[in-house]
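I would like the entire structure built from these sequences, with the hints used as guidance.
Number of protein chains: 2
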Amino acid sequence: MSFSIRQAIKTDMSRVLELIVELAVFEKEPDAVKVTVKDLEKGGFEVPKQFVCFVAECDGIIEGIALVYNRFSTWKGSVLHLEDLVISQKQRGSGMGTALLNEVVKYGYSLGVRRVSWEVLDWNTPAIKFYEKKGADVKRDWYVVHMNEKAIENYLENI
Amino acid sequence: MSFSIRQAIKTDMSRVLELIVELAVFEKEPDAVKVTVKDLEKGGFEVPKQFVCFVAECDGIIEGIALVYNRFSTWKGSVLHLEDLVISQKQRGSGMGTALLNEVVKYGYSLGVRRVSWEVLDWNTPAIKFYEKKGADVKRDWYVVHMNEKAIENYLENI
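The listed protein sequences correspond, in order, to chains B and L.
Note that our numbering has the first sequence beginning at -1, numbered continuously upward.
Note that our numbering has the second sequence beginning at -1, numbered continuously upward.
Calculated directly from the structure, the hints in this document are not laboratory data.
None of these values were measured; they are calculated from a predicted model.
Identical chains share a label here; the pair holds if one copy fits it or two copies do between them.
Straight-line Cα separation of at most 25 Å, SDA-like style, residue types lysine to any residue; simulated pairs:
no., residue 1, residue 2
1, Lys26, Val142
2, Lys40, Glu20
3, Lys137, Ala22
4, Lys137, Asp29
Below you can see the structure in the form of structure tokens.
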């Protein structure tokens, strides 16, 4: 099955959200997605743009996405962060993930960043193996820390 | 010892870099800092601004910094990321870390973000305990992945 890669346009965002939710279900957090199509349309297409999204299309249907944005590392300066790389269930193993990752790394290189970063779940062994095969460094000694809405409110009440 | 918190100005960046390097030494990566004062001046004070920096000052000397920027979570939308929170060796235990974290959480709340995030080393138990006491969720099941400059070049050569 052949597919093509392009940058997303605003009207792609409802399908992009479907794939984001598909990944959240796979990651065992089906209720975690609070983002709306409107948030995605604003974030990706209104100034200041908060991300760039690449899509992989097969027979006119988007079956994969890679969503990236810049971060500022105090060690490396400007870096590119891959927030989500999602391939629909039926397209896994088709080479779409590799094609999207290629696009992301090429894009990072074109921006002159000193690093492309992302996060992966510790039990997602196929993804970890894939990333390590591609030369990425899976840093098992760093934890991700989240303070969510409720915790932010509690925190501020207790200052 | 009393201190005050304010947003950094451009001329603070050389002292900010000193504290960034101090943290890298503490984190056992003394050679990892490739960023320059010029990178920090550009990133923090030229459009598009890539971060906001808060500083804690004691007797006219900056002894602590918190550097933040926005990210776009595909689950939560716009979130605030705390890239670095550094307190100079001699000011640890003075309450400066708490004061800077307070400022960061207040800033995130003022922006209306649904999350404040950061990263922590797994062996930095005092920091982990501090963050958990403050209501943050230390996610031990997520790994951070880095593809650095050399790996990016190797990757692109092998596409």
